[in-house]
Structure formats: structure tokens, C-alpha cells
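Take 630 as the starting number for the sequence shown in the numbering used here and just add one per residue.
Hints are not guaranteed to be accurate.
Said to hold, decoys possible - Between beta-carbon pairs, the in silico distance windows are:
hint : residue 1 : residue 2 : range
1    : Asp689    : Met630    : 18 to 24 Å
2    : Phe663    : Asp689    : 27 to 33 Å
3    : Ala687    : Arg632    : 15 to 21 Å
4    : Gly650    : Ala697    : 15 to 21 Å
5    : Met630    : Ser681    : 17 to 23 Å
6    : Met630    : Ile676    : 28 to 34 Å
7    : Glu698    : Met653    : 28 to 34 Å
8    : Ile694    : Gly649    : 26 to 32 Å
9    : Glu642    : Ala686    : 31 to 37 Å
Just so you know, the hints here were simulated from the structure itself, not pulled from any lab data.
Beta carbons are placed, not taken as given, at the ideal position from N, Cα and C, and that holds for glycine.
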Amino acid sequence: MYRVIDVAGLFRELKNHNFGGQNMKLKLTVRDSFPPQNAGDYIVHFIDGKPSLKKKAAFDAAIEIDIAEFSPMLM
């Protein structure tokens with residue numbers, strides 16, 4: 630079983646990964662009770678498929694997901 634323990638750090642590490650070459654702004658709301666600092670809202674801008682985190686920004690779509698469901702999606 631996999632578990633993302635640092636959502637922001639994960640997207641920083643994946644900044645050069647291409648997620649399908651798409652452009653969009655996604656608000657990702659992660660629920661995580663352990664560690665609770667991992668929980669929260671993340672605005673991810675995908676430009677030509679490459680992600681970058683923004684503090685506050687408009688978004689095209691929103692997803693709320695538990696870390697237990699989010700982690701295996703990235704594996």
C-alpha cells in the first residue's frame with residue numbers, strides 16, 4: 630500500500646512530469662487525518678501537462694478526495 634505523506638512536495642517533485650499534455654486548473658481538496666498537515670486545498674495548474682502549485686487562484690474543476698484514494702491513483 631502506498632501513501633502520499635507530502636502532497637505539496639509530491640507535486641514539486643513531479644513538476645517535469647507530463648500528465649497527458651493537458652491545460653487546466655484543478656482544486657484538489659485532500660482529507661488526511663495522519664498527518665493532518667497533509668490535509669487541505671491545493672490549486673494545481675497543469676500547463677502542457679506539467680503541474681505547478683499556486684497559493685490562491687481560480688480553478689476549472691474541483692475534486693475532494695481522501696489520501697487513501699489519492700495515493701494509489703499516482704502509482
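Tell me, in ascending order, the numbers of any earlier hints that this structure violates.
1, 3, 4, 5, 7, 8, 9
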